[in-house]
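S.K.: Protein chains in written order, with this note's numbering: chain Y, 71 to 379; chain E, 71 to 379.
One or more hints might be untrue.
Which copy? The list can't say, so a pair holds if one copy fits it or any two copies do.
[Stated by the list, open to error] The list that follows gives simulated cross-link-like pairs (lysine-lysine, DSBU-like), each with its CA atoms no further than 35 Å apart:
1) K282 to K129
2) K189 to K129
3) K237 to K189
4) K237 to K129
5) K282 to K201
6) K282 to K189
7) K116 to K189
8) K129 to K116
9) K201 to K237
10) K116 to K201
11) K282 to K237
12) K237 to K116
None of these hints come from the bench; they were simulated from the model.
Protein chains: 2
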Amino acid sequence: MRILFHAVDANPAPWLADLQAALPQAQLRVWEAGDDAPADYAVVWKPPAEMLRDRVGLKGVFNLGAGVDAILQLGDALPAGVPIVRLDDAGMGVQMAEYVTWAVLRYFRRFDQFDAQQKSGQWRFAKPHDKRSFSIGILGLGVLGQRIAAALSPFGFPLLGWSRTPKDLPGVACHAGSAGLDAFLAASRVVVCVLPLTGETTGILNRDTLSKLPHGSYLINVARGMHLVEADLTALLQSGQIAGATLDVFRQEPLPAGHPFWQEPRITITPHIAAVTLRGDSVRQIAAKIGRMEAGHDVPGLVDRTRGY
Amino acid sequence: MRILFHAVDANPAPWLADLQAALPQAQLRVWEAGDDAPADYAVVWKPPAEMLRDRVGLKGVFNLGAGVDAILQLGDALPAGVPIVRLDDAGMGVQMAEYVTWAVLRYFRRFDQFDAQQKSGQWRFAKPHDKRSFSIGILGLGVLGQRIAAALSPFGFPLLGWSRTPKDLPGVACHAGSAGLDAFLAASRVVVCVLPLTGETTGILNRDTLSKLPHGSYLINVARGMHLVEADLTALLQSGQIAGATLDVFRQEPLPAGHPFWQEPRITITPHIAAVTLRGDSVRQIAAKIGRMEAGHDVPGLVDRTRGY
Numbered sequence: 071m072r073i074l075f076h077a078v079d080a081n082p083a084p085w086l087a088d089l090q091a092a093l094p095q096a097q098l099r100v101w102e103a104g105d106d107a108p109a110d111y112a113v114v115w116k117p118p119a120e121m122l123r124d125r126v127g128l129k130g131v132f133n134l135g136a137g138v139d140a141i142l143q144l145g146d147a148l149p150a151g152v153p154i155v156r157l158d159d160a161g162m163g164v165q166m167a168e169y170v171t172w173a174v175l176r177y178f179r180r181f182d183q184f185d186a187q188q189k190s191g192q193w194r195f196a197k198p199h200d201k202r203s204f205s206i207g208i209l210g211l212g213v214l215g216q217r218i219a220a221a222l223s224p225f226g227f228p229l230l231g232w233s234r235t236p237k238d239l240p241g242v243a244c245h246a247g248s249a250g251l252d253a254f255l256a257a258s259r260v261v262v263c264v265l266p267l268t269g270e271t272t273g274i275l276n277r278d279t280l281s282k283l284p285h286g287s288y289l290i291n292v293a294r295g296m297h298l299v300e301a302d303l304t305a306l307l308q309s310g311q312i313a314g315a316t317l318d319v320f321r322q323e324p325l326p327a328g329h330p331f332w333q334e335p336r337i338t339i340t341p342h343i344a345a346v347t348l349r350g351d352s353v354r355q356i357a358a359k360i361g362r363m364e365a366g367h368d369v370p371g372l373v374d375r376t377r378g379y
Numbered sequence: 071m072r073i074l075f076h077a078v079d080a081n082p083a084p085w086l087a088d089l090q091a092a093l094p095q096a097q098l099r100v101w102e103a104g105d106d107a108p109a110d111y112a113v114v115w116k117p118p119a120e121m122l123r124d125r126v127g128l129k130g131v132f133n134l135g136a137g138v139d140a141i142l143q144l145g146d147a148l149p150a151g152v153p154i155v156r157l158d159d160a161g162m163g164v165q166m167a168e169y170v171t172w173a174v175l176r177y178f179r180r181f182d183q184f185d186a187q188q189k190s191g192q193w194r195f196a197k198p199h200d201k202r203s204f205s206i207g208i209l210g211l212g213v214l215g216q217r218i219a220a221a222l223s224p225f226g227f228p229l230l231g232w233s234r235t236p237k238d239l240p241g242v243a244c245h246a247g248s249a250g251l252d253a254f255l256a257a258s259r260v261v262v263c264v265l266p267l268t269g270e271t272t273g274i275l276n277r278d279t280l281s282k283l284p285h286g287s288y289l290i291n292v293a294r295g296m297h298l299v300e301a302d303l304t305a306l307l308q309s310g311q312i313a314g315a316t317l318d319v320f321r322q323e324p325l326p327a328g329h330p331f332w333q334e335p336r337i338t339i340t341p342h343i344a345a346v347t348l349r350g351d352s353v354r355q356i357a358a359k360i361g362r363m364e365a366g367h368d369v370p371g372l373v374d375r376t377r378g379y
């Protein structure tokens, strides 16, 4: 079995070593420009089109992340019919839950306000928000969204969710489809975005949708920068419609010097760290899925190219 | 039944109204200097000695908080044999859990560092700590400490606890007594203090004990300012032994202008807000306990004056 590896921004050596240990029978190689020798599987993060175009005999492409937008952008360069498999969780669920729980608690308990007070030497009491109306609306109810809901549930926040197709989750008021979006927005004091990036979800966080939230709401985006119309957010923060935003992802990354977000105190910026791909968990998952595919079984995490995730 | 009320810093009117609604047969009054007319119960927060001294016929004193250090300081002014009852939880457990979970996640995921980077316009990746060695040690395993352990447990942090007398909690490595303190400290990367303030626990967070933590540890104090020797913490932060501290309580509150903590970026200051007494929950609890006492039953939360909590 031949496995081709290419991951932007990653040192390939430890990945190859771990994959080799998990799949002793495999022949592993790092893809380099011009390599069109046969391969059974590709393990990739943001691969160039040339790596996959016209590649015959490929049995599967494993994406080293939950979001497959970068790979689907290759379009016709992706060999037709080859299964694309995303990571289901691989340690990302708990990381997302940590990030979102921290951000929600920070706003709910006004730790952002206490931080500003500390910097000016002020000791001033402030009540938490009213928890009954501090509802958390999760955009995207896949593995990550469900893990976030489970983490927030013990704290007693009212929970809502929205997904493309109807879901039924205990303790979460579930809305679905474009018909269900307005009701979801009207009832969400905090919106958490963990949607996949598709044609339908690009720009879903915009002046129109964010204006339907209750006045003084909060936004947490841990999905993709392209979900948010950035100039719209700046305007809504200035009007007070949005009270604060915690953003891990941006249209351009690294966020360029001079971008207005750097100067907006109501925006909290993190450098795309909400959930990093963990090598150990990912390798175990890929090895197990290759084993299932070789044995002719289905694997979870198969991407629907038309749906976009 | 006559109930005497006195609570520093609280507006008595809504308390009296809620107590009256919960105990329709009671005669309620706010204590004023010179009032030594009979009373069956006292509901108090930081009462003056004159309110309780030589008071005959009192059947119980209800403390509007979990910590009873302020009332026990009255010493001989407390009528002998009168039960002193603290609030068991009354909404404080979940608030403590929110505060500590926020503070732990903030350090674990390095959000303090990202905040500093944002202020200087830097986009720089930083890994979380290694979770297997990011152990959380909880000093005090009563209602509040147990609630904190339960909130942290789903995130997978190794949990330790220390209490005066041995306890056995699932998923928490429990240590007890002075003999167990060193082993607890040596294994705790984050120390969370929720101890009651007694003669034995005053100053328990000092140069000697905090030096036994792993290098680069974190301190979260949501109990009482007197647990911490403040000058020792400043020195340990400067040496790097302690990497950061989140403090909700101080020896003098409000924290005075000019106190060195205001100028120490590795200290996060909140104005004693970790858990506020919630009127609705507290009134329900006090009314239920008075009902039990009138019927001759035991009540939970009875204070042992010798033990100090």
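S.K.: Now look at each hint and say whether the structure bears it out.
M.R.: Hint check results:
no.	hint	in the structure
1	K282 to K129	neither (45 Å within a copy, 55 Å between copies)
2	K189 to K129	neither (57 Å within a copy, 47 Å between copies)
3	K237 to K189	neither (45 Å within a copy, 41 Å between copies)
4	K237 to K129	within (31 Å within a copy, 55 Å between copies)
5	K282 to K201	within (20 Å within a copy, 39 Å between copies)
6	K282 to K189	both (34 Å within a copy, 31 Å between copies)
7	K116 to K189	between (41 Å within a copy, 30 Å between copies)
8	K129 to K116	within (19 Å within a copy, 73 Å between copies)
9	K201 to K237	both (25 Å within a copy, 32 Å between copies)
10	K116 to K201	between (41 Å within a copy, 28 Å between copies)
11	K282 to K237	within (22 Å within a copy, 50 Å between copies)
12	K237 to K116	within (30 Å within a copy, 51 Å between copies)
Checked against the numbered hints above, the structure violates hints 1, 2 and 3; every other hint is satisfied.
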